[in-house]
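K.L.:
The primary structure of each chain is shown beneath.
2 protein chains.
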Amino acid sequence: MPPLRIERLVVAGVGLIGGSFALALKQAGAVGRVVGLGRTRRSLDRAVELGVIDEAADDAAAALRDADLVMLAMPVGQTAAVLERIAGHVGAKTIVTDAGSTKRDVIEAARAFLKDAWPRFVPGHPIAGAESSGAEAARADLFRGRKAVLTPLPETDAPAVRLVADAWRACGAEVREMSAAEHDGVFAAVSHLPHLLAFALVHDVAQQPNAATLFDYAASGFRDFTRIASSHPEMWRDICLANREQLAEALTRYQAELDSLRRMLAAGDAASVERVFADARAARNAWLAQIEAGERK
Amino acid sequence: MPPLRIERLVVAGVGLIGGSFALALKQAGAVGRVVGLGRTRRSLDRAVELGVIDEAADDAAAALRDADLVMLAMPVGQTAAVLERIAGHVGAKTIVTDAGSTKRDVIEAARAFLKDAWPRFVPGHPIAGAESSGAEAARADLFRGRKAVLTPLPETDAPAVRLVADAWRACGAEVREMSAAEHDGVFAAVSHLPHLLAFALVHDVAQQPNAATLFDYAASGFRDFTRIASSHPEMWRDICLANREQLAEALTRYQAELDSLRRMLAAGDAASVERVFADARAARNAWLAQIEAGERK
Chain P
1 MPPLRIERLV
11 VAGVGLIGGS
21 FALALKQAGA
31 VGRVVGLGRT
41 RRSLDRAVEL
51 GVIDEAADDA
61 AAALRDADLV
71 MLAMPVGQTA
81 AVLERIAGHV
91 GAKTIVTDAG
101 STKRDVIEAA
111 RAFLKDAWPR
121 FVPGHPIAGA
131 ESSGAEAARA
141 DLFRGRKAVL
151 TPLPETDAPA
161 VRLVADAWRA
171 CGAEVREMSA
181 AEHDGVFAAV
191 SHLPHLLAFA
201 LVHDVAQQPN
211 AATLFDYAAS
221 GFRDFTRIAS
231 SHPEMWRDIC
241 LANREQLAEA
251 LTRYQAELDS
261 LRRMLAAGDA
271 ASVERVFADA
281 RAARNAWLAQ
291 IEAGERK
Chain C
1 MPPLRIERLV
11 VAGVGLIGGS
21 FALALKQAGA
31 VGRVVGLGRT
41 RRSLDRAVEL
51 GVIDEAADDA
61 AAALRDADLV
71 MLAMPVGQTA
81 AVLERIAGHV
91 GAKTIVTDAG
101 STKRDVIEAA
111 RAFLKDAWPR
121 FVPGHPIAGA
131 ESSGAEAARA
141 DLFRGRKAVL
151 TPLPETDAPA
161 VRLVADAWRA
171 CGAEVREMSA
181 AEHDGVFAAV
191 SHLPHLLAFA
201 LVHDVAQQPN
211 AATLFDYAAS
221 GFRDFTRIAS
231 SHPEMWRDIC
241 LANREQLAEA
251 LTRYQAELDS
261 LRRMLAAGDA
271 ASVERVFADA
281 RAARNAWLAQ
291 IEAGERK
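If you read the protein sequences in the order shown, they are chains P and C.
Going by the numbering used here, the letters in the first sequence line up with residues 1 to 297, in that order.
Going by the numbering used here, the letters in the second sequence line up with residues 1 to 297, in that order.
No lab work stands behind these hints: they were computed from the structure.
Heads up, some of the hints might be wrong.
[What the hints assert, rightly or not] Ranges of calculated distance between the beta carbons of each label pair, as one might list FRET restraints:
hint, chain 1, residue 1, chain 2, residue 2, range
1, C, Ala293, P, Arg42, 41 to 51 Å
2, C, Pro154, P, Pro209, 53 to 63 Å
3, C, Thr40, P, Gln207, 42 to 52 Å
4, P, Arg85, C, His232, 51 to 61 Å
5, C, Ala137, P, Arg41, 54 to 64 Å
6, C, Asp259, P, Ala270, 52 to 62 Å
7, C, His232, P, Glu182, 48 to 58 Å
8, C, Ala137, P, Ala289, 47 to 57 Å
9, P, Arg263, C, Ala211, 16 to 26 Å
10, C, Pro154, P, Glu136, 30 to 40 Å
[To be verified] Each computed SDA-like pair below joins lysine to any residue, with the alpha-carbon atoms no more than 20 Å apart:
hint, chain 1, residue 1, chain 2, residue 2
11, C, Lys147, P, Arg223
12, C, Lys147, P, Asp224
13, C, Lys26, C, Glu136
[Claimed, not checked] Stretch-level coverage of chain C by chain P, calculated; a stretch enters the list once three of its residues show a Cβ under 8 Å from a Cβ in chain P:
hint, segment
14, 27 to 41
15, 53 to 66
16, 98 to 108
17, 160 to 171
No experiment lies behind these values; they were computed from the predicted model shown.
Quick reminder that beta carbons are idealized off the backbone N, C-alpha and C, glycines included.
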């Protein structure tokens with residue numbers, strides 16, 4: 001297998017994810033020139049200064065036409081608009097991929113706008129992130145040991161999928177494939193719902209008349225439980241709306257679980273409450289043990 | 001003010017909390033002899049080996065009769081039974097306090113059983129803990145910089161409250177007073193509810209047919225959100241049941257918050273979703289900033 005070589009990479013949205021993708025491919029020697037596209041010239045110039053990209057695109061159309069790979073790494077809420085804007089300029093061999101946290105909405109937009117380039121669109125989602133954001137936070141090792149999920153469709157070009165998979169492997173990620181529907185269901189349950197729950201708890205506490213007292217007594221358990229409520233509101237608004245059907249299903253299941261616990265407490269059913277708690281702890285500890293075993297490999 | 005001196009301290013339940021209380025008072029030079037009471041002789045012998053207590057009580061009645069202070073530090077679910085058992089043996093000047101996470105239930109039991117000693121019962125709750133437990137985990141600095149809440153009643157002896165408050169201060173804690181009802185409401189909101197929510201989420205995920213896949217893609221956000229679901233099931237069963245009325249109220253408010261978010265998502269009301277998320281993030285970040293400012297003092 002020849003080593004991966006992407007002569008011209010266009011990164012649209014040079015933040016934590018797009019910037020780290022560029023840095024990782026540079027470090028792997030897998031990329032020639034990295035061209036940045038973005039909302040403001042200033043942030044692109046800053047990304048050049050930081051060495052994250054080689055140049056800011058002066059002519060977006062020319063950059064897209066000559067690109068081997070375009071990585072869309074803006075917030076999911078902007079992806080459709082960006083796809084619409086770039087669609088007419090994508091080169092005849094250019095492969096397009098994205099890094100969005102939801103996949104069915106992105107696929108719908110790509111199918112609607114990309115026309116001839118649609119079979120060369122490879123939907124993707126690297127499972128990495130941090131509370132920090134922006135090109136300043138980008139680092140070459142962000143994806144090392146993380147998973148990158150691709151959700152290609154039957155009509156997606158196999159060589160396009162291979163190139164994107166190779167790119168993620170060059171970044172140190174483990175590549176997985178699943179359907180977009182499965183992806184969105186899985187992440188509704190283990191990522192989008194917990195974010196919603198954490199935002200909801202902090203909002204609930206902050207709305208109480210004695211909010212100052214409540215926060216005064218909140219301790220480390222509360223801090224860790226709500227860490228994800230310090231995530232970016234605009235980004236999570238977009239994710240929750242883009243995946244709202246699957247998120248609503250996950251929320252319905254969760255509310256049924258809460259109703260069941262409420263009934264156990266009202267009935268003073270100590271054995272059932274303890275069983276739920278003990279099963280949860282056992283499941284969580286088994287999961288942590290598996291992660292640790294994976295890390296030792 | 002003369003320095004605090006507790007000649008004989010009895011610790012009933014020599015685990016993380018009771019053991020750390022003993023160690024902290026020893027380190028402060030505020031205690032003479034520490035006698036342990038517990039469910040098993042073996043764990044008491046181990047606590048003696050570790051230097052957490054000076055002796056295991058051979059004669060519980062004698063130990064209680066001669067004690068200046070008795071600290072009840074067993075799981076809250078056992079407190080009533082222990083109070084009943086010790087009630088007839090407490091000395092005429094002995095002060096009794098506890099370290100339970102709920103206060104109204106403990107007060108009810110103490111009022112029912114302690115008889116003449118009831119005015120010398122000082123209900124307390126140190127806001128400290130860890131996932132580890134047992135005398136092995138005890139350490140002299142566990143309460144340093146933490147809050148210790150006392151919830152005395154109008155009929156509680158003022159000198160008894162002073163002695164217990166002084167003991168917590170000698171452990172490095174900041175002493176606060178509030179009513180038992182306020183205490184239980186506050187901790188339902190910022191501690192008991194989050195624990196219930198975390199246990200419920202992990203249980204919900206573990207019940208799904210694709211649980212293995214779900215856990216496989218769960219990342220650091222899920223790990224932190226569910227950290228408290230690795231807490232002790234028996235202990236949290238007892239806390240949730242002891243405080244079930246206030247917990248049910250907190251849960252009702254929280255479910256209303258979730259219903260409201262569900263409606264915003266169904267309506268595609270991006271502005272409202274973002275406002276909830278942004279308010280939550282702002283409230284959480286303000287709280288963290290306050291904690292950091294406090295730590296810098």
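K.L.:
Confirm or reject each hint.
P.N.:
Each hint, compared with the structure:
1. C:Ala293 - P:Arg42: 41 to 51 Å: violated, 32 Å
2. C:Pro154 - P:Pro209: 53 to 63 Å: This hint is violated: roughly 25 Å between Cβ atoms.
3. C:Thr40 - P:Gln207: 42 to 52 Å: holds, 46 Å
4. P:Arg85 - C:His232: 51 to 61 Å: With Cβ atoms ~55 Å apart, the hint holds.
5. C:Ala137 - P:Arg41: 54 to 64 Å: holds, 56 Å
6. C:Asp259 - P:Ala270: 52 to 62 Å: Check failed, 29 Å falls outside 52 to 62 Å.
7. C:His232 - P:Glu182: 48 to 58 Å: Taking Cβ atoms as reference, His232 (chain C) and Glu182 (chain P) lie about 35 Å apart, which means the hint is violated.
8. C:Ala137 - P:Ala289: 47 to 57 Å: violated, 20 Å
9. P:Arg263 - C:Ala211: 16 to 26 Å: holds, 23 Å
10. C:Pro154 - P:Glu136: 30 to 40 Å: violated, 58 Å
11. C:Lys147 - P:Arg223: holds, 16 Å
12. C:Lys147 - P:Asp224: holds, 19 Å
13. C:Lys26 - C:Glu136: Judged against 20 Å, a Cα distance of about 16 Å means the pair holds.
14. 27 to 41: It is violated: at least three residues are needed, and the segment 27 to 41 of chain C offers just 0 whose Cβ sits closer than 8 Å to chain P.
15. 53 to 66: Violated - the segment 53 to 66 of chain C has 0 residues with a Cβ nearer than 8 Å to chain P, which falls short of three.
16. 98 to 108: Since 0 is below three, the answer is violated.
17. 160 to 171: violated (count 0)
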